[in-house]
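Undergrad: Hey, can you work out the whole structure from these sequences and the hints?
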Amino acid sequence: KNQVEQSPQSLIILEGKNCTLQCNYTVSPFSNLRWYKQDTGRGPVSLTIMTFSENTKSNGRYTATLDADTKQSSLHITASQLSDSASYICVVSGRNQGGKLIFGQGTELSVKP
Amino acid sequence: EPEVTQTPSHQVTQMGQEVILRCVPISNHLYFYWYRQILGQKVEFLVSFYNNEISEKSEIFDDQFSVERPDGSNFTLKIRSTKLEDSAMYFCASSPSVPTSYTEQFFGPGTRLTVL
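For the protein sequence lines, the chains are S and L, in the order given.
Counting along the first sequence from 1, when you hit position 48 you're at 48 in the working numbering, and nothing is skipped either side.
Counting along the second sequence from 1, when you hit position 70 you're at 70 in the working numbering, and nothing is skipped either side.
Please note that a few of the clues may not be correct.
[Claimed, not checked] The calculated lysine to aspartate or glutamate pairs, modelled on EDC-like cross-linking and capped at a C-alpha distance of 16 Å, are:
(1) K71(S) / E54(S)
(2) K42(L) / D84(S)
(3) K57(S) / D67(S)
(4) K37(S) / E108(S)
(5) K1(S) / E44(L)
(6) K37(S) / D84(S)
(7) K57(L) / E44(L)
(8) K42(L) / D39(S)
(9) K37(S) / E68(L)
(10) K1(S) / E59(L)
(11) K42(L) / E5(S)
FYI, nobody ran anything at the bench for these hints, they're computed from the structure.
Please read these numbers as outputs of a predicted model, since none were measured by experiment.
TA: Structure, rendered in structure tokens:
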């Protein structure tokens with residue numbers, strides 16, 4: 001069954017610190033992996049998109065990595081800010097799936113002053 | 001910056017009633033989607049729609065659900081005879097082209113549906 005699992009479920013860090021979120025997936029055949037940020041009560045917003053041929057992609061203070069062999073990805077957030085508090089969701093798309101996205105359950109990040 | 005809009009933001013209905021959730025995708029986008037998120041659970045794909053036809057649908061999207069693009073701007077999700085378990089946040093999304101590895105999906109803010 002196509003699944004996306006994330007860890008940890010929740011994370012609390014101090015402002016200015018770095019953190020890394022993990023994602024494992026079993027979606028096959030694989031097309032791409034995305035990381036989304038979702039603020040409470042809002043729709044998800046895309047941070048990065050990677051295909052199997054890409055190992056890393058950055059978007060400002062966000063850096064995503066992908067190991068297509070082990071089917072693992074990570075999202076590293078540098079110099080965290082209070083506004084980074086949100087749910088970070090790993091999302092995978094399979095090939096020829098009509099754009100269907102398979103979501104992980106998200107990591108709830110809380111950045112404290 | 002263009003964005004996907006959804007109305008209403010919150011809909012309360014009685015079990016057994018029909019509801020229509022409305023979405024205005026980003027202008028010139030071609031592919032449209034509905035997702036739902038039951039409180040505390042993952043976002044789940046419902047359906048994708050292209051060229052006035054359903055492109056892909058999930059097991060959740062049974063005969064109770066239907067989608068329509070009634071005019072050039074709106075995209076609707078109709079739920080017939082709502083059940084308690086239909087209570088969820090419903091997200092509309094759109095993308096500028098047929099899905100490829102890099103095609104972004106832009107999400108609306110969601111409609112919270114509460115079935116009593």
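Undergrad: Going back to the hint list, which numbers does this structure go against?
TA: As far as the earlier hints go, 2 and 9 are violated by this structure, in ascending order.
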